[in-house]
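Novice: The task is simple: from the sequences and hints, build the whole structure.
Number of protein chains: 2
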Amino acid sequence: MTSAIPTDTVRRDRRHVRHEATKHEILDAAWKMVRADGLNGLSLRALGRAVDMEPQSLYTYFASKHAVYDHLFADGNRQLLTRFERIEVSDDPSQVLSALARFFVSFAAEDRARYELLFMRTIPDFEPSPESYAIAVEVFARGRSALAAVGFGDDADFDLWTALVAGLASQQLANDPDGSRYIRLIDDAVAMFTEHVFGKRVGKI
Amino acid sequence: MTSAIPTDTVRRDRRHVRHEATKHEILDAAWKMVRADGLNGLSLRALGRAVDMEPQSLYTYFASKHAVYDHLFADGNRQLLTRFERIEVSDDPSQVLSALARFFVSFAAEDRARYELLFMRTIPDFEPSPESYAIAVEVFARGRSALAAVGFGDDADFDLWTALVAGLASQQLANDPDGSRYIRLIDDAVAMFTEHVFGKRVGKI
DNA sequence: GTCTATATTTGGATAGAC
DNA sequence: GTCTATCCAAATATAGAC
Numbered sequence: 430m431t432s433a434i435p436t437d438t439v440r441r442d443r444r445h446v447r448h449e450a451t452k453h454e455i456l457d458a459a460w461k462m463v464r465a466d467g468l469n470g471l472s473l474r475a476l477g478r479a480v481d482m483e484p485q486s487l488y489t490y491f492a493s494k495h496a497v498y499d500h501l502f503a504d505g506n507r508q509l510l511t512r513f514e515r516i517e518v519s520d521d522p523s524q525v526l527s528a529l530a531r532f533f534v535s536f537a538a539e540d541r542a543r544y545e546l547l548f549m550r551t552i553p554d555f556e557p558s559p560e561s562y563a564i565a566v567e568v569f570a571r572g573r574s575a576l577a578a579v580g581f582g583d584d585a586d587f588d589l590w591t592a593l594v595a596g597l598a599s600q601q602l603a604n605d606p607d608g609s610r611y612i613r614l615i616d617d618a619v620a621m622f623t624e625h626v627f628g629k630r631v632g633k634i
Numbered sequence: 430m431t432s433a434i435p436t437d438t439v440r441r442d443r444r445h446v447r448h449e450a451t452k453h454e455i456l457d458a459a460w461k462m463v464r465a466d467g468l469n470g471l472s473l474r475a476l477g478r479a480v481d482m483e484p485q486s487l488y489t490y491f492a493s494k495h496a497v498y499d500h501l502f503a504d505g506n507r508q509l510l511t512r513f514e515r516i517e518v519s520d521d522p523s524q525v526l527s528a529l530a531r532f533f534v535s536f537a538a539e540d541r542a543r544y545e546l547l548f549m550r551t552i553p554d555f556e557p558s559p560e561s562y563a564i565a566v567e568v569f570a571r572g573r574s575a576l577a578a579v580g581f582g583d584d585a586d587f588d589l590w591t592a593l594v595a596g597l598a599s600q601q602l603a604n605d606p607d608g609s610r611y612i613r614l615i616d617d618a619v620a621m622f623t624e625h626v627f628g629k630r631v632g633k634i
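As they're listed, the protein sequences go chains A and B. Position one of the first sequence corresponds to residue 430 (the working numbering), numbered consecutively onward. Position one of the second sequence corresponds to residue 430 (the working numbering), numbered consecutively onward.
Any given hint might turn out to be false.
Which copy is meant is left open, so a pair is good if it fits within one copy or across any two.
As a list, the in silico SDA-like pairs of lysine to any residue whose alpha-carbon atoms are at most 20 Å apart [said to hold, decoys possible]:
id: 1; residue 1: 494; residue 2: 467
id: 2; residue 1: 452; residue 2: 482
id: 3; residue 1: 461; residue 2: 554
id: 4; residue 1: 629; residue 2: 613
id: 5; residue 1: 494; residue 2: 466
id: 6; residue 1: 494; residue 2: 469
id: 7; residue 1: 461; residue 2: 541
id: 8; residue 1: 461; residue 2: 535
id: 9; residue 1: 494; residue 2: 553
id: 10; residue 1: 461; residue 2: 552
id: 11; residue 1: 494; residue 2: 470
id: 12; residue 1: 629; residue 2: 523
id: 13; residue 1: 494; residue 2: 575
Calculated from the structure, these hints are not laboratory results. The structure presented is a predicted model; accordingly, all values stated were derived computationally and were not measured.
Specialist: This is the structure in structure tokens:
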């Protein structure tokens, strides 16, 4: 009995699977490095050392250092997207906002380098590829529609919301990276935001 | 008629003045460089080139690259302090908060590298010297007391305030560095904050 | 105070053998 | 796909002449 799949294809598949696995391994090591040494501290020499490979061999998997950053960027946004799905939905807008803010600030506090890569433009000259950027756009869209779903459809309100949450995240990272000084403020911040936006609405009608 | 000051002293003074002037010139060039190439892009080679000096000669003025950063850090905080004094005082809390927020967000938007240096820990291993850090502490204290002066004395409220303002600043830098998308939200944000804090207070009494 | 010379390390990237 | 060999540029920093 012979396989229906030509041997060549199998070989190509195996090779492909292995290639992807190695690529994944390299990216894992890269995450560890940027977490330890800062986002700008990534070097191909050290990365090669970490995966027990000559740095030159990395070029089989990534065309350049920026390509590594690009994959990390896409990867980080995918993590965000995946975990976004798991947020419990609720009818109470305040509970939804609170869950969203908690999620985002925790995500930031968990990994400073990742936050820098995804949300601040801290690497000179790095710009994500269109494919990677598309994932980031998708993340943004999900956030936008999550807010719209609980009644916050205004663009300016959304900007105010993201500023508030980004502020909590950035202060948490800058002033109390291992604590919860700003995480503790989330419910208060959410109350402030909802009161304000609802208040404006009542005023208008 | 002879001078009362010994010639030696004059010579020493002249030398000192000149030394300080050159130091200043180097720091000016360093500011330009970080503005153009990013905070992490500063190199002593390029800095030497910019002031028409061999990079090694810079060591006459600064013991290390981190020492240059340290002076920039102190300098930036001094700029903040000086300009802080010029904010108009008012009896209306909202006007004070609005002026403060506008001041801070503009300061951030004006110079991204400076903002990174002063408020985010984006350079691995860099820590300001105690003397430089003291200036930053002074800046913080002024902000704190400016808020207390218009009735916002609570620590948690101050943290919420700084998060809100830092958020507007960081979003402005990240998403619309040359525009005013988040600057436009300042009055709305101030209204939100004051309503909320006053509201809590009324609730408590 | 500035230079030349130099040490030393590190960086990203390419060519070509196997 | 991984290696050796290599390039080339850049980095911070020190020693010592002038």
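Novice: For a quick check of understanding: which of the numbered hints are violated here, in increasing order?
Specialist: 13
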